[in-house]
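Asks: The chain contents come next:
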Amino acid sequence: MSVVLYRVDERLIHGQVVVGWARRLSPRRIIVVDDELAADELEQSIYRTGLPVDIRADFWSVAEAVSRLPAVEASDEPAFVLTASLSTMARLAKDGLVVGEINVGAIHRGEGRKRVLPYVSLGPEEQRLIDEMERAGVRVVARDVPTAPAVRLIERERG
Amino acid sequence: MSERCGVVVAHSRLAEGLLAALARVAGEQENLWAVSNHGLDGDELYEEIAGILEERGAGRDAYLLSDMDGGSCGQVCRRLLADGRVRGVFFGVNLPLLVEFVFLQVESPEEFVTATVEKSRKALGARP
Chain A
3 MSVVLYRVDE RLIHGQVVVG WARRLSPRRI IVVDDELAAD ELEQSIYRTG
53 LPVDIRADFW SVAEAVSRLP AVEASDEPAF VLTASLSTMA RLAKDGLVVG
103 EINVGAIHRG EGRKRVLPYV SLGPEEQRLI DEMERAGVRV VARDVPTAPA
153 VRLIERERG
Chain B
34 MSERCGVVVA HSRLAEGLLA ALARVAGEQE NLWAVSNHGL DGDELYEEIA
84 GILEERGAGR DAYLLSDMDG GSCGQVCRRL LADGRVRGVF FGVNLPLLVE
134 FVFLQVESPE EFVTATVEKS RKALGARP
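In the order they appear, the protein sequences are chains A and B.
Mapping to our numbering: the first sequence position 67 is 69, numbers consecutive.
Mapping to our numbering: the second sequence position 109 is 142, numbers consecutive.
Just so you know, the hints here were simulated from the structure itself, not pulled from any lab data.
Treat the hints with care, as some may be off.
Only some residues are given here: those of chain B computed to face chain A with a beta carbon under 8 Å [as the list claims (entries may be wrong)]: (1) ARG57; (2) VAL58; (3) ALA59; (4) GLY60; (5) VAL132; (6) PHE136; (7) GLU140.
Every residue gets a Cβ at the ideal spot worked out from N, C-alpha and C, and that includes glycine.
For reference, chain B alone in the conformation it holds in the complex:
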């Protein structure tokens, strides 16, 4: 099983906040980084993420974790996936998804993506 890493890509300070919250419950993670789209156009955001992956993610299975599909962050993540820069993209990142991302142990990247989403989806709930 390859080592994995990820970039959380989100609007405003959400990515940074999510990783700070993750550190509080699961400890500091050396394989996850935060990127905000604040002040960046699509090309700049693309380069920012690609730069992080090249610099820190070499030799690892890289994933992107975007706040929502269809937004500017999600669009750039889809482009990076299409260009073969990452193994997969998650949309709708939240704390349960990040927890699964850190701890889930599965063999293939395909299985990893499916199982991570399935498990974190179960964490969504509501009471009337």
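Excised from the complex, chain A in its bound form:
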């Protein structure tokens, strides 16, 4: 499998991704799936400035990701797939484009959300999406950096 990390993180490309995860998993590319960012070249250039020279970034809309991710999965090039929200990742999972495990890096507080970890807050919509993905065989696990303990969110939300 060439996608070595599926991650939900509101901050997308930032220190934990570029240092904590990329130094351990050595991706050659980071694919950000986000409709707004895919159309915003200035924001893309800002995200690219923080990347090591041997990692490139692509910014795809959801529709683009649906058509192009199967080829990424079939290639030999290790990649990260990042989304800012669980709903975007769930959309990819629904199309069978997420394999194994989703890593949740940061979902901050918002209306109707309850804090379940210092860096993860979930509301009814997030909980529904986690249940849906887990039922489809995808584990949803919170872990901000590789040295932190992994917390399965379906267990956390049920208390």
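Following the hints, complete the assembly by docking chain B onto the known chain A.
Replies: Below, chain B without anything else, positioned relative to chain A:
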């Protein structure tokens, strides 16, 4: 390749803050420790660092990472190096340098010191 460890030696709460920031991006590190010179004279600072190295750094290649060369922290680090207590000293420690310190894999201590500085130096930049 030997296991390595390091002591970040800096003024006020800088060392502690740097390691807290490193933990946020790279996870907790069991081989790096922070020492502040606050309230310590040169001899006391020397003993503080030497004590940590003896207690926790035994059997590993030990390095010091000081905030700046020429300051009191840097001077004590140079003395510890001269006394053969550590394999090397870095000056001007910052977050990119600590990241390289944790992740860089090279064989010899000499190569490690050179490569770490070279890589972290590239992280310094500015835009007008």
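Asks: Could you run down the list of hints and mark each one as holding or not?
Replies: Tested hints:
The interface hint given for ARG57 of chain B holds, since its Cβ lies 7 Å from the closest Cβ of chain A, which is under the 8 Å cut-off. Hint on VAL58 of chain B holds. Least Cβ distance to chain A is approximately 4 Å, under the 8 Å limit. Because the closest C-beta pair between ALA59 of chain B and chain A is about 5 Å apart, less than 8 Å, the hint holds. Because the beta carbon of GLY60 of chain B sits about 3 Å from the nearest beta carbon in chain A, less than 8 Å, this interface hint is met.
Hint status for VAL132 of chain B relative to chain A: holds, with the closest Cβ pair at about 5 Å, below 8 Å. Below 8 Å, beta-carbon pairs count as interface contacts, and PHE136 of chain B has one with chain A at about 5 Å; its hint therefore holds. Annotation: interface hint on GLU140 of chain B violated; nearest CB of chain A at approximately 19 Å, more than 8 Å.
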